[in-house]
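Participant: Just so you know, the protein sequences line up as chains A and B, in that order. FYI, the numbering for the first sequence is 1 to 467, going by the numbering used here. FYI, the numbering for the second sequence is 468 to 934, going by the numbering used here.
Check before you lean on any hint, since a few could be wrong.
Here are the simulated distance ranges between beta carbons [what the hints assert, rightly or not]:
#: 1; chain 1: B; residue 1: Ser-591; chain 2: A; residue 2: Leu-298; range: 20 to 26 angstroms
#: 2; chain 1: B; residue 1: Lys-474; chain 2: A; residue 2: Ala-432; range: 24 to 30 angstroms
#: 3; chain 1: B; residue 1: Glu-684; chain 2: A; residue 2: Tyr-31; range: 48 to 54 angstroms
#: 4; chain 1: B; residue 1: Asn-562; chain 2: A; residue 2: Ala-432; range: 35 to 41 angstroms
Rather than coming from a laboratory, the hints here were simulated on the basis of the structure. This one's a predicted model, so the numbers in the text were calculated from it and none came from an experiment. Glycine is no exception: its CB is placed at the ideal position from the N, C-alpha and C atoms.
2 protein chains.
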Amino acid sequence: MLTEIVKKELKRIVGEKNASFSKENLLCYSYDATNSPYMPEAVVFPTDAKEISLILKMANSEGFPVIPRGAGTGFSGGSLPVEGGVVLSTERMRNIVEIDTENLVALVEPGVVTWELQTEVEKSGLFYPPDPTSLKFSTIGGNIAECAGGPRAVKYGVTRDYVLGLEAVLPTGEIINTGVKTAKGVVGYDLTRLLIGSEGTLGVITKAYLRLLPKPESVVTLLAVFPDLKGAAKAVSGIISAKVIPATLELIDSVSIKCVEAHAKLGFPDAGAILLIEADGNIEAVRKESETIKRVCLENRASSVKAATDKYEVKDLWKARRAISPSLLKIRPDKINEDVVVPRASIPDLIEGIQEIAKAKGLLIACFGHAGDGNIHVNVMYDKKDSKEAKAAEDAVVDVFKLTLKLNGTISGEHGVGITKARYLNMELSPASIDVMKRIKNVFDPRGILNPGKIFQTDKETSGYKA
Amino acid sequence: MLTEIVKKELKRIVGEKNASFSKENLLCYSYDATNSPYMPEAVVFPTDAKEISLILKMANSEGFPVIPRGAGTGFSGGSLPVEGGVVLSTERMRNIVEIDTENLVALVEPGVVTWELQTEVEKSGLFYPPDPTSLKFSTIGGNIAECAGGPRAVKYGVTRDYVLGLEAVLPTGEIINTGVKTAKGVVGYDLTRLLIGSEGTLGVITKAYLRLLPKPESVVTLLAVFPDLKGAAKAVSGIISAKVIPATLELIDSVSIKCVEAHAKLGFPDAGAILLIEADGNIEAVRKESETIKRVCLENRASSVKAATDKYEVKDLWKARRAISPSLLKIRPDKINEDVVVPRASIPDLIEGIQEIAKAKGLLIACFGHAGDGNIHVNVMYDKKDSKEAKAAEDAVVDVFKLTLKLNGTISGEHGVGITKARYLNMELSPASIDVMKRIKNVFDPRGILNPGKIFQTDKETSGYKA
Numbered sequence: 001m002l003t004e005i006v007k008k009e010l011k012r013i014v015g016e017k018n019a020s021f022s023k024e025n026l027l028c029y030s031y032d033a034t035n036s037p038y039m040p041e042a043v044v045f046p047t048d049a050k051e052i053s054l055i056l057k058m059a060n061s062e063g064f065p066v067i068p069r070g071a072g073t074g075f076s077g078g079s080l081p082v083e084g085g086v087v088l089s090t091e092r093m094r095n096i097v098e099i100d101t102e103n104l105v106a107l108v109e110p111g112v113v114t115w116e117l118q119t120e121v122e123k124s125g126l127f128y129p130p131d132p133t134s135l136k137f138s139t140i141g142g143n144i145a146e147c148a149g150g151p152r153a154v155k156y157g158v159t160r161d162y163v164l165g166l167e168a169v170l171p172t173g174e175i176i177n178t179g180v181k182t183a184k185g186v187v188g189y190d191l192t193r194l195l196i197g198s199e200g201t202l203g204v205i206t207k208a209y210l211r212l213l214p215k216p217e218s219v220v221t222l223l224a225v226f227p228d229l230k231g232a233a234k235a236v237s238g239i240i241s242a243k244v245i246p247a248t249l250e251l252i253d254s255v256s257i258k259c260v261e262a263h264a265k266l267g268f269p270d271a272g273a274i275l276l277i278e279a280d281g282n283i284e285a286v287r288k289e290s291e292t293i294k295r296v297c298l299e300n301r302a303s304s305v306k307a308a309t310d311k312y313e314v315k316d317l318w319k320a321r322r323a324i325s326p327s328l329l330k331i332r333p334d335k336i337n338e339d340v341v342v343p344r345a346s347i348p349d350l351i352e353g354i355q356e357i358a359k360a361k362g363l364l365i366a367c368f369g370h371a372g373d374g375n376i377h378v379n380v381m382y383d384k385k386d387s388k389e390a391k392a393a394e395d396a397v398v399d400v401f402k403l404t405l406k407l408n409g410t411i412s413g414e415h416g417v418g419i420t421k422a423r424y425l426n427m428e429l430s431p432a433s434i435d436v437m438k439r440i441k442n443v444f445d446p447r448g449i450l451n452p453g454k455i456f457q458t459d460k461e462t463s464g465y466k467a
Numbered sequence: 468m469l470t471e472i473v474k475k476e477l478k479r480i481v482g483e484k485n486a487s488f489s490k491e492n493l494l495c496y497s498y499d500a501t502n503s504p505y506m507p508e509a510v511v512f513p514t515d516a517k518e519i520s521l522i523l524k525m526a527n528s529e530g531f532p533v534i535p536r537g538a539g540t541g542f543s544g545g546s547l548p549v550e551g552g553v554v555l556s557t558e559r560m561r562n563i564v565e566i567d568t569e570n571l572v573a574l575v576e577p578g579v580v581t582w583e584l585q586t587e588v589e590k591s592g593l594f595y596p597p598d599p600t601s602l603k604f605s606t607i608g609g610n611i612a613e614c615a616g617g618p619r620a621v622k623y624g625v626t627r628d629y630v631l632g633l634e635a636v637l638p639t640g641e642i643i644n645t646g647v648k649t650a651k652g653v654v655g656y657d658l659t660r661l662l663i664g665s666e667g668t669l670g671v672i673t674k675a676y677l678r679l680l681p682k683p684e685s686v687v688t689l690l691a692v693f694p695d696l697k698g699a700a701k702a703v704s705g706i707i708s709a710k711v712i713p714a715t716l717e718l719i720d721s722v723s724i725k726c727v728e729a730h731a732k733l734g735f736p737d738a739g740a741i742l743l744i745e746a747d748g749n750i751e752a753v754r755k756e757s758e759t760i761k762r763v764c765l766e767n768r769a770s771s772v773k774a775a776t777d778k779y780e781v782k783d784l785w786k787a788r789r790a791i792s793p794s795l796l797k798i799r800p801d802k803i804n805e806d807v808v809v810p811r812a813s814i815p816d817l818i819e820g821i822q823e824i825a826k827a828k829g830l831l832i833a834c835f836g837h838a839g840d841g842n843i844h845v846n847v848m849y850d851k852k853d854s855k856e857a858k859a860a861e862d863a864v865v866d867v868f869k870l871t872l873k874l875n876g877t878i879s880g881e882h883g884v885g886i887t888k889a890r891y892l893n894m895e896l897s898p899a900s901i902d903v904m905k906r907i908k909n910v911f912d913p914r915g916i917l918n919p920g921k922i923f924q925t926d927k928e929t930s931g932y933k934a
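Only chain A is shown next, with the shape it has when bound in the complex:
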């Protein structure tokens, strides 16, 4: 429990209006997209690295947890105050400090919403590619902490690939600068990329130097409809094998299609599966790539491949794509949303295996996602209140992970480990790797005050998943 002295000191550091202890406010900072709330004891809204440094120094001396938080859109519990303590929200650090159009670099604070940055750089003909589905809410700081991906990762890579350097506050309060403000740099160990994807456990990001690209001169959006999932899955690796790397290559299965249409009517056709594909770049190159994509889809028994004719149609297609995740909850009250990745060519095996798992467990499993990079969002639908179904859902997840790893995949492409996957960490990583990671955590955070209870299981819990 936070003492009155600590609360007073927190208010002194960030200013009276930037600290809250009221139950109504704390409730708003108790949840994320996992739908498993934990109440914090305080929420603070610092405005710079110095304030954060003071908070963290006090957390070390007084021994309370500090949980950095962007917009709370994460799927793995990264921003949940599982051990109580102080939620450190970056929402009042949302300045785009600079967009350097000569060097193609942006300097931003962590609370900048990804979409806002994209809109702003596009005004100068520039492009910030990372596009997590949450981009209209989620923040650059959160994106960096989780190494967020998104549909465009197939061609453009993930958040990691756009971060040149960081200003961060270490858990012990030191403010450091990592990386560079330039296109490259190799001085010392890569602390930048160690912080990226560390899920807020190694430091609080307070500024980021981001790499920008010129905005592609044209985009073509294609919708390919398949009578069955297998043909769509085969077309995915067929397109890549044909040496075309589209900007996005999204797969949507029939369960997901039906859900969106039943609850939102956004114009997806009734089909076994859909591929939503975008090619971007030089007009002539895009035309050529679109032709290849069409050919490969038709070779894999697509019943139709159509290009969106105007920007409204494109907008509608992406609206429908983004509606999948929320609309799934309309068929069953709960879902376990995983984001496994397999080598692209193994997507047909993954999908087939998941359908078998669903059948064996008597569950509905919806699959959609960034098939172009092998990243499939596997949504196991169930009802929490039905304990038998809940157990079956949990078992199904383990089976999906086993299948994924057998196919040389990974259990998380972009959502991270957080609390939801901590118990499965040892399915993918060896004891030696986990041990090194825990000791790195200890280097940064010897008292364990920054975002405790994440990634690694605590000693109180069982020691991971026993196969």
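The hints should help you fit chain B onto chain A, whose structure is shown.
Facilitator: Only chain B this time, still in chain A's reference frame:
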């Protein structure tokens, strides 16, 4: 000193013919491109991770240094046995295990020569972009350890951007797998990128999963000639500002041009500066980009901009480019070769400042390199035997670093710190950052047996550069 028992055990681990203690052999493994040899006591040629694990375990129990080595082409001393011990050469681990054309992934051993991998993947229409100038000799393992760049980094990024996952042996002997075999993955801390660029101090890389791209369908090579350096430097940021990211964008100053021509006669024209530019990709896109590049060069007072007409001309141009570094040694017996990076738009300021430094110190400084990403190879020419000149050269380097950092740059874009820049580390990094890095080193290598004396100054030395 290695005991007879240790030597016998080394022979037992790797096999009699894969260990050498003869002076003639040791001499071959005593140097790298820095031209400051240090004699090892043994050189071993292990063939797999298990042998390396046994060697490192023995190094821990017996307390001798182990120095991983690729081809020894590094410019910062990363592979030098500065404290003696055992050089661990990866030259007998040179299998390309797999080129997966469906998933665009290659699995290679560390001793594979970069050029060999490139040639091999190109047979399948694929492309491995990282191209350090040493690529015909240097190895993938060395490239990863140093995070090597190269001319194509401006468009395609550096080695880091092509490594998906690694098998590595930790200094304490555990064999770990890091990262993924897929396009993305975020499970646990990013040990892959912590190992990349760690200059062989955190682990020995024994396998690498590398990302491949489709080979660009066309390449145009342009040679732009400028009456002065300033125009060329301005054209560099002008091209990027015009939203063109060429595949390569190399700047060569008049000192370098004269050197190459005096000693190799490779066809560079007499000029104030040259830009060697390549655009690649779709034919139509390349045509358009070439036009923009030409326009920007002419706007910046280029006297001519010509496209190479056939592959022989292209080959000759790159041969000339690669000849710069060796031919510089023909004008002065020694050189200090730095690889500073500044934001592209600051290249004119950097070059001007360097010319002033050269004048003030009475030295010849040749500048060339990857101007497209702001990375300039600054070659301070001198004679080691002339102590006054040697002192002036060292002072000039410090001045170049100061200028670089003032321009928001970094003191190393791709060569690393090694031993040559260890004393300047604290010019760029804060004590808090260096402290974290040292403690990470200690997590991996508590006995300090793997590649000691690199990156960080030892306690025996002075504590860094005093400004």
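Participant: So, for every hint listed, does it hold in this structure?
Facilitator: Do the hints match the structure? See the list:
1. A beta carbon spacing of about 24 angstroms between Ser-591(B) and Leu-298(A) agrees with the range 20 to 26 angstroms that was offered as a hint.
2. Look at Lys-474(B) against Ala-432(A): about 28 angstroms separates their beta carbons, and that is inside 24 to 30 angstroms.
3. Between Glu-684(B) and Tyr-31(A) the beta carbons are some 50 angstroms apart, a value that agrees with the proposed interval 48 to 54 angstroms.
4. A hinted range of 35 to 41 angstroms for the beta carbons of Asn-562(B) and Ala-432(A) is inconsistent with their spacing of about 24 angstroms.
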